[in-house]
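Visitor: Sequence:
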Amino acid sequence: MKKIFLTILMISASALSAQVIIGDAVGTAPANKKQSVLLEFANSNDKGIILPYVRKLPLNPTPGTLVLDSTVPTAAKVKLYDGNDWRVLSGESDMTLSLINQPLTATEGDAKAIIGSDTSSADGVLVLESDTKAMILPTVTDITNIVKPSPGMMVYVKGSKKYLAIFDGNKWAFWIP
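Numbered by mature numbering (1 follows the signal peptide of the UniProt record, and there is no 0), the letters in the sequence shown go through residues -18 to -1, 1 to 159 in order.
Since the hints were made in silico from the structure, they are not lab data. Take these hints with a grain of salt, some might be off.
Computed Cβ-Cβ distance ranges for the label pairs, DEER-style [what the hints assert, rightly or not]:
no., residue 1, residue 2, range
1, I158, S26, 20 to 28 Å
2, A116, K143, 37 to 45 Å
3, A13, R37, 40 to 48 Å
4, K16, K38, 32 to 40 Å
5, I4, S102, 17 to 25 Å
6, N152, W68, 40 to 48 Å
7, W68, K16, 28 to 36 Å
8, T114, I4, 19 to 27 Å
9, K38, K153, 32 to 40 Å
10, G5, T56, 27 to 35 Å
11, G65, I32, 33 to 41 Å
Because the structure is a prediction, the values reported are computed rather than measured. All C-beta atoms, glycine included, are put in the ideal place defined by N, C-alpha and C.
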């Protein structure tokens, strides 16, 4: 199923070499702002995007890489590679119970979806390539609308306060601009 989704996503992205909306045909960006968007999600209000679990950090990551580092499952952390070092974005937590059902090893293929370009040297499953466009995270009005969030789930909360939220398996971590 994952390969089918990636194949469809890759074909769509390469055919359009522009914006991709996942979940509906409208997305969340206003019509007059679509030119700055490479990837966006439906306004479902109850879903997020899940960061990839890694049991070993990539050797040559591209700046901007986001992962759920589970090299030590009892101390898994959301991390961002800033070009020089891995920065921890998640708070202190014990994710043992959340990661217990995750496989200890994974079979990786060479498949990756690239949106915004025909090729990319970045090593990732989903790669967005653009100098002028960005990804819009799935938007929710309240994290309590998300039923059974998964560790590494990331959403943008657009309620009375606006913030980025990442679920670490036990609790949500928030970044308020």
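Visitor: Quick check: does the Cβ-Cβ distance between G5 and T56 fall within 27 to 35 Å?
Guide: holds, 34 Å
Visitor: Take a look at whether the Cβ-Cβ distance between G65 and I32 falls inside 33 to 41 Å.
Guide: violated, 24 Å
Visitor: Tell me if the beta carbons of K38 and K153 are separated by a distance inside 32 to 40 Å.
Guide: 26 Å Cβ-Cβ, so the 32 to 40 Å window is violated.
Visitor: Per the hint of 20 to 28 Å, is the separation of the Cβ atoms of I158 and S26 within bounds?
Guide: holds, 23 Å
Visitor: Return holds or violated for the Cβ distance of K16 and K38 against the range 32 to 40 Å.
Guide: holds, 38 Å
Visitor: W68 and K16, beta-carbon distance inside 28 to 36 Å?
Guide: Since the Cβ atoms of W68 and K16 sit about 33 Å apart, the hinted range of 28 to 36 Å holds.
Visitor: Holds or violated: 37 to 45 Å for the Cβ distance of A116 and K143?
Guide: violated, 21 Å
Visitor: Quick check: does the Cβ-Cβ distance between T114 and I4 fall within 19 to 27 Å?
Guide: The hinted range 19 to 27 Å holds for T114 and I4, with Cβ atoms some 20 Å apart.
Visitor: Is 40 to 48 Å right for how far apart the beta carbons of N152 and W68 are?
Guide: Given about 21 Å between the Cβ atoms, the range is violated.
Visitor: I want to verify a distance hint. Is the separation of the beta carbons of A13 and R37 within 40 to 48 Å?
Guide: Holds: the Cβ-Cβ distance is about 42 Å, inside 40 to 48 Å.
Visitor: Taking the CB of I4 and the CB of S102, does the distance hold inside 17 to 25 Å?
Guide: holds, 19 Å
Checked against the numbered hints listed earlier, the structure breaks hints 2, 6, 9, 11; every other hint is satisfied.
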